[in-house]
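Undergrad: Knowing the structure of chain E, use the given hints to seat chain Z on it.
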Amino acid sequence: MPSVSDLSNDAGFVFQANVEQLGASTARGFTPSEETAVVLITRIVKSPAALAGYQGQRITVELQPPVSLQAGQSAVFFTHGIHYGESVVVRELGNAPPEATMDAQVSSATQAYRDTALTQRMAQADLILTGVASASAQYIETTAALAGRRVSEHDPQWWQSVITIGSVEKGSHVGGTKSILFPHSTDIAWYSSPKVKEGDRGVWLLHLRDLRGRATPSHALIHPLDFQPFDQVEHVRSLMKK
Amino acid sequence: MKISIVNMIPKSLSGESNQDSEPNLAVNPNNPLQIAATAFTPNPTGGTLAPIFISSDGGATWALNAIVPGATAGFPTGDITTKFGGTSNVLYGGILRADTLHLNVLRTNNYAGSAAMTVLVDRASEDQPWVQATTATAVAGTPDRVYIGHNDFNTSPNTATVEQSLNAAAAPAPAGFGPITLETTSPGGGQDGPSIRPTIHSSGRIYIAWIDWTTFTGTSTTANIVVRRDDNWGTGGTPYSAIGTGGKGVNVASGVTIPWQNAHFLGQERVGSHLSIVVDPNNSSRVFIAWADTPVVSGPYTIHVRQSIDGGVTWGADLRTVANGINPALAIDSVGNIGFLYQTLTGGNTWETHIEISNNSFATPPTPIVLAKVPSNTPVATFLPYLGDYIYLTAIGETFYGVFSANNTPNSANFPNGVTYLRNANFTTQQLLNVDNATPVNVSIDPFFFSIQELTFPPIRPIITPPIGIQPPIKPVIVSPPIKPVIIGPPIKPVIVSPPIRPVIVSPPVHPIEPPIHPIEPPIRAIAPIKTIGPVQPVEPVEPIEPQKPK
Numbered sequence: 001m002p003s004v005s006d007l008s009n010d011a012g013f014v015f016q017a018n019v020e021q022l023g024a025s026t027a028r029g030f031t032p033s034e035e036t037a038v039v040l041i042t043r044i045v046k047s048p049a050a051l052a053g054y055q056g057q058r059i060t061v062e063l064q065p066p067v068s069l070q071a072g073q074s075a076v077f078f079t080h081g082i083h084y085g086e087s088v089v090v091r092e093l094g095n096a097p098p099e100a101t102m103d104a105q106v107s108s109a110t111q112a113y114r115d116t117a118l119t120q121r122m123a124q125a126d127l128i129l130t131g132v133a134s135a136s137a138q139y140i141e142t143t144a145a146l147a148g149r150r151v152s153e154h155d156p157q158w159w160q161s162v163i164t165i166g167s168v169e170k171g172s173h174v175g176g177t178k179s180i181l182f183p184h185s186t187d188i189a190w191y192s193s194p195k196v197k198e199g200d201r202g203v204w205l206l207h208l209r210d211l212r213g214r215a216t217p218s219h220a221l222i223h224p225l226d227f228q229p230f231d232q233v234e235h236v237r238s239l240m241k242k
Numbered sequence: 243m244k245i246s247i248v249n250m251i252p253k254s255l256s257g258e259s260n261q262d263s264e265p266n267l268a269v270n271p272n273n274p275l276q277i278a279a280t281a282f283t284p285n286p287t288g289g290t291l292a293p294i295f296i297s298s299d300g301g302a303t304w305a306l307n308a309i310v311p312g313a314t315a316g317f318p319t320g321d322i323t324t325k326f327g328g329t330s331n332v333l334y335g336g337i338l339r340a341d342t343l344h345l346n347v348l349r350t351n352n353y354a355g356s357a358a359m360t361v362l363v364d365r366a367s368e369d370q371p372w373v374q375a376t377t378a379t380a381v382a383g384t385p386d387r388v389y390i391g392h393n394d395f396n397t398s399p400n401t402a403t404v405e406q407s408l409n410a411a412a413a414p415a416p417a418g419f420g421p422i423t424l425e426t427t428s429p430g431g432g433q434d435g436p437s438i439r440p441t442i443h444s445s446g447r448i449y450i451a452w453i454d455w456t457t458f459t460g461t462s463t464t465a466n467i468v469v470r471r472d473d474n475w476g477t478g479g480t481p482y483s484a485i486g487t488g489g490k491g492v493n494v495a496s497g498v499t500i501p502w503q504n505a506h507f508l509g510q511e512r513v514g515s516h517l518s519i520v521v522d523p524n525n526s527s528r529v530f531i532a533w534a535d536t537p538v539v540s541g542p543y544t545i546h547v548r549q550s551i552d553g554g555v556t557w558g559a560d561l562r563t564v565a566n567g568i569n570p571a572l573a574i575d576s577v578g579n580i581g582f583l584y585q586t587l588t589g590g591n592t593w594e595t596h597i598e599i600s601n602n603s604f605a606t607p608p609t610p611i612v613l614a615k616v617p618s619n620t621p622v623a624t625f626l627p628y629l630g631d632y633i634y635l636t637a638i639g640e641t642f643y644g645v646f647s648a649n650n651t652p653n654s655a656n657f658p659n660g661v662t663y664l665r666n667a668n669f670t671t672q673q674l675l676n677v678d679n680a681t682p683v684n685v686s687i688d689p690f691f692f693s694i695q696e697l698t699f700p701p702i703r704p705i706i707t708p709p710i711g712i713q714p715p716i717k718p719v720i721v722s723p724p725i726k727p728v729i730i731g732p733p734i735k736p737v738i739v740s741p742p743i744r745p746v747i748v749s750p751p752v753h754p755i756e757p758p759i760h761p762i763e764p765p766i767r768a769i770a771p772i773k774t775i776g777p778v779q780p781v782e783p784v785e786p787i788e789p790q791k792p793k
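Here the protein sequences line up with chains E and Z, keeping their order. For the first sequence, the numbering used here begins at 1 and goes up steadily by one. For the second sequence, the numbering used here begins at 243 and goes up steadily by one.
Bear in mind the hints are in silico, worked out from the structure with no lab data behind them. Just so you know, not all the hints are guaranteed correct.
[Claimed, not checked] Coverage of chain E stretches by chain Z, computed from C-beta distances (three or more under 8 Å per stretch; other residues unrestricted):
(1) 50-56
(2) 153-161
(3) 183-189
[Claimed, not checked] Which chain E residues face chain Z? A few, computed with CB under 7 Å, are given here:
(4) P2
(5) G12
(6) F13
(7) G81
(8) I82
(9) H83
(10) S87
(11) E234
[Stated by the list, open to error] Pairwise CB distance ranges (calculated):
(12) N18/E x Q672/Z: 34 to 40 Å
(13) D364/Z x K170/E: 30 to 36 Å
(14) N591/Z x S107/E: 33 to 39 Å
(15) P414/Z x V168/E: 49 to 55 Å
Where is the CB? At the ideal position from N, CA and C, for every residue including glycine.
If we strip away everything but chain E, and leave its shape as in the complex, we get:
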């Protein structure tokens, strides 16, 4: 049985609910089975914005077999949404008895998950610096690079900025400044990547490959976690020590 921590990380929608009816469905178009149950959400523990208003609503849970819950029971459900029509159908990843510490456990697990993701980005980074960014400008690629480049609406559109270095936290660098790249594109593939502005001060996790394994022209920010504001410096350092 996965732990609450594991379930919290995997589940996008965590809620406490009363099981009202087994073998039923609230969703027209989603066929009920012996593994579906209609539940009444009594409390939301973790949810995306679109489902934040579901306290007091009835939804359908596709339970993991073998089904052990009975009508009338209450449980905390760790779920993913699979069908959204007139009503919502979620797939159970697991459930746990309601307890007073559940919210704290989920919150702690969520924070730990964010730290894990940040730790992974730090491990993958080729260079980690602290410092302040200069004004940014379009990165002009070399003629050779342009000649071989494929043009797509999903291109990152590299821009560059210069970091005045405070410290080198990982890797090595000579000199007091470092030119870095970031995806200036707001295409759906890149819009959430960091966009550098003059004066941004913090921790810079720099990579020589993007998330899909493709080489970048130079050290670059890729993932939203690759920039951490300066008030997170000590937290970053503590994660690096672990």
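TA: Just chain Z now, kept in the frame of chain E:
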């Protein structure tokens, strides 16, 4: 003429405010009540499966069904298009996966089920897969034949490619899929544009159009609009070589200038590769094409529509032009009416979505039907594309079906031909409402489905035009006895609430609670015939199921 427009966001997601742009549509020819659609819509709870929109009542109601692999947090999928086979009920997809940006060819035989789509092809360095599919009913075994245009950077500079399978429905991966490079001229711009668009005739004649970049400066391209043709399902030693010198295709237009602006260029939207092509289902030699360029230096970005009536060998002059237009989408119904869907920026601040339907190949300009006219500057774009790099139009029988994205403010004035909202919305206060029908929700971009039927034209007249250049005599288009209309009537939803869902007001209402929800000005029209299809699933309590032994 009956027009139905439906905001596709389901009631259960009344609280969402995503930018659901770049819609595409698949109507099952074997059962037009079954419809799938796609957009840049995430699964609200995340996970590795992105959703498609599904309808089983001809588009009257919609749900999200998470079956597309490759999703990541915050990025459901890259480019995605889907189509049903002709009679197989199989849904095919072409995507750029979110996690890898690889091209995936996908398949499912149950678009409304919960199983993830099967991956048939996985390949890196690709762009913009565009799926078309049919069933070759005159071929032994009635196989599904699927043609996916895509821009294959693995074959640069000749990137225009079609991924095709002659029997795609059941075989294990790759199910017969393989790439055929279409481009042969080594474009001077280093590649072709992202849009590679096939269209299939039931005879096995296939046209494919793309934009050949003869030069590329980084901000614009000089291009040829190219069409190639195959007369036997893309088979043989030299497929797609039926027209043009050396079989290398025909330029519909040459040396056009197309801005490549991957930034806000027109009403918060980007431009650079808009293309559509369609063949008449009754006449494999009659083809329409639409693309956008800037015909005049510093002039407006303009859509052009042209026709060929000799199998793509020659093309006439512009039949229609639309300034400040994007996302052209063409379709032809079973009696030869041509539909032309597009979006145009008017007054510098309004996106209008129009459809024009002509029964005489635009010999007389039809009056555009305005499906939506919405502010172009709100909401502020979260990402590009704002509305989409494409929208879609198709026809089954004499009904046109389409999909577009637009600002979702519940304002009747924005929808002159009416609209139905499934999500909670107050058209009096023009406020979107959350699932509790009280908490306000911010305006965003939603996908809208529409259908148009019971067209009121007279039957199409034979098309006779003066010969263009040297060509065989043009035969008039003989219209066979009208095909019996297939009137698709989405049933009126039975309203069954048992027990009623009681909304919980989680915050003090901003507005007094008004009678919900849907607008009735203009009234929501039932589309005849009004009949239910099959038994209606009850939501009343059912008999408990006897406990089963654990599996």
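Undergrad: If a hint holds in the structure, say so; if it does not, say that too.
TA: Going down the list of hints, with the structure as the test:
1. Closer than 8 Å: that is the beta-carbon criterion, and the segment 50-56 of chain E has 7 residues meeting it against chain Z, so the requirement of 3 holds.
2. Coverage of a stretch by a chain is defined here by at least three residues with a beta carbon nearer than 8 Å to that chain's beta carbons; for the segment 153-161 of chain E and chain Z the count is 4, and the condition holds.
3. Only residues whose C-beta sits within less than 8 Å of a C-beta in chain Z count toward coverage, and the segment 183-189 of chain E has 5 of them, enough to reach three; the restraint holds.
4. A distance limit of 7 Å between C-beta atoms decides the matter here; for P2/E the minimum to chain Z is near 15 Å, and the interface restraint is violated.
5. Given the 7 Å rule on beta carbons, the hint for G12/E holds: about 3 Å separates it from the nearest Cβ of chain Z.
6. A hinted interface residue such as F13/E counts as satisfied when its beta carbon comes closer than 7 Å to some beta carbon of chain Z; here the least separation is about 5 Å, so the hint holds.
7. Proximity of G81/E to chain Z holds as hinted, the smallest CB-CB distance being about 4 Å (cut-off 7 Å).
8. Below 7 Å, beta-carbon pairs count as interface contacts, and I82/E has one with chain Z at about 5 Å; its hint therefore holds.
9. Checking H83/E against chain Z: minimum C-beta separation of about 6 Å stays under 7 Å; hint holds.
10. The interface hint given for S87/E holds, since its Cβ lies 5 Å from the closest Cβ of chain Z, which is under the 7 Å cut-off.
11. Because the closest C-beta pair between E234/E and chain Z is about 26 Å apart, greater than 7 Å, the hint is violated.
12. Range check, N18/E to Q672/Z: Cβ separation about 37 Å, and the 34 to 40 Å hint holds.
13. Between D364/Z and K170/E the CB atoms are about 33 Å apart, so this pair conforms to the stated range of 30 to 36 Å.
14. A beta carbon spacing of about 44 Å between N591/Z and S107/E contradicts the range 33 to 39 Å that was offered as a hint.
15. Distance hint for P414/Z and V168/E: a CB-CB separation of about 52 Å, consistent with the stated range 49 to 55 Å.
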